[in-house]
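Going line by line, the protein sequences match chains A and B. Residues 1 to 198 (this note's numbering) are what the first sequence spells out, left to right. Residues 199 to 382 (this note's numbering) are what the second sequence spells out, left to right.
Misleading hints may appear alongside valid ones.
Computed Cβ-Cβ distance ranges for the label pairs, DEER-style [claimed, not checked]:
(1) A297/B - V182/A: 33 to 43 Å
(2) G296/B - V36/A: 42 to 52 Å
(3) D21/A - E365/B: 30 to 40 Å
So these bits of chain A aren't anywhere near chain B, every CB distance computed over 12 Å [unchecked claim]:
(4) N20
(5) T40
(6) F48
(7) K49
(8) E64
(9) R73
(10) D76
(11) K77
(12) A86
(13) R103
(14) A125
(15) A145
(16) T181
(17) G187
Where chain B lies over chain A, by a calculated footprint (3+ residues, C-beta under 8 Å) [unchecked claim]:
(18) 9-16
(19) 93-101
(20) 164-176
Keep in mind the hints are simulated off the structure, nothing from the lab. Virtual Cβ for every residue (Gly too), placed ideally from N, Cα, C.
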Amino acid sequence: MSKVVAIMSLSLDGYVADLNDGVAEVFDWYINSGEVEFHTGGSDPMTFKVSGPSAEHLRGLWSELGAVLTGRRTFDKAEGWGGNHAWGPAFVLTHHVPDGWPRPNSTVHFVTDGIESAVRQATAAAAGKSVGVHGANTIQQCLKAGLLDEIHVDIAAVLLGSGVRLFDRLAGTPVVLGNPTVIRGVGVTHLRYPVRKA
Amino acid sequence: MTEPLARRRVIVHIATSADGYIARPDGDIEWLTSRPAPKGFYGMNAFMQSIDTKLLGRKTYEVSLRMGAKFDAKSRHIVFSRQAPPADAPAGVEFVNGAIGPFVSGLREHPGKDIWLMGGGDLIASFLDEQAIDEFVISVAPVFIGDGIPLIARRHRHVPLGLQSLERFEDGLVQLRYRVRNHP
Chain A
1 MSKVVAIMSL SLDGYVADLN DGVAEVFDWY INSGEVEFHT GGSDPMTFKV SGPSAEHLRG
61 LWSELGAVLT GRRTFDKAEG WGGNHAWGPA FVLTHHVPDG WPRPNSTVHF VTDGIESAVR
121 QATAAAAGKS VGVHGANTIQ QCLKAGLLDE IHVDIAAVLL GSGVRLFDRL AGTPVVLGNP
181 TVIRGVGVTH LRYPVRKA
Chain B
199 MTEPLARRRV IVHIATSADG YIARPDGDIE WLTSRPAPKG FYGMNAFMQS IDTKLLGRKT
259 YEVSLRMGAK FDAKSRHIVF SRQAPPADAP AGVEFVNGAI GPFVSGLREH PGKDIWLMGG
319 GDLIASFLDE QAIDEFVISV APVFIGDGIP LIARRHRHVP LGLQSLERFE DGLVQLRYRV
379 RNHP
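Turn these sequences into a full structure, and let the hints steer you where they fit.
Laid out in structure tokens, this is it:
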């Protein structure tokens, strides 16, 4: 079944990035937490090196995903994933389509008419698979609009003390989550929560 | 219970929301206390047996008092505060206004059980600055509250942790026990 799934890495004290938008500390587990290689695919392929449990978790999750939805900040940070995101067609929620985009031979699309439209388009493009959502702001908009089915919180074993929080001033709280599945990796704990629909 | 001569550990044992807050901006923790806790109260009773000293900041102390906390004599309660102690403090509650590092070293010189650093975020930050924390036991409640007081008062830092154990309770709360790395 097609779901909308938010995926974020957090420090134990709740930061998704440091004060300079740097994500090295919370994403360190992707590149440096074990000996199992995980190849991402896409136009900018990367090879992760993770522990056995994290590799199994990633294989399971990535096989479920058929499209990606992000905000403009994530798109800029990733430099457009080289034109093709590893999960499939990418939908970037933005007020203005960036110069030079969309590009030929690229599966990156831009949505300027709101979160509902972005989720609708990404779900259609995922063709029965799930839509992965990245970016604190986009996740927040999905949650607020009642469009999120699951949220994956990868808790990195680090305290950052400051930076960008997953949610700052999220409305409509408390948002009560269901019972998570829990996978213990090395330097990271994978929690997968169902979102309870109101 | 640790061995009699084991180094006494300073342990932060606290609950957070899944988005990393220990309380709402005004200190409210109804999102946490309204949850029906399963039998065993997330291992809290066993933890209470393993400690004999509780450390807390002045704000946390005052919130606890308002919530009806009883500072009984079973353990030593030490409130860190820059202000003068209140005249009506319960017996058995000590107020200290000194440097954290030497105070904790002094505590560790006396044999005893482990030491619970209860919070809040300011005191945890000051203890981290002094490298005076051995472990974090964080109970992540399955709820987002969207805004609030972070686990640690905001200041840039990079403290690597090692996960020691992990337990999921039947109501979806996940308890993570970390050791602070680079610690003697």
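Practice problem: Would you list, in rising numerical order, the hints stated earlier that this structure does not obey? | Solution: Numbers 4, 16, 17 and 19 - these are the hints that the structure violates, sorted from lowest upward.
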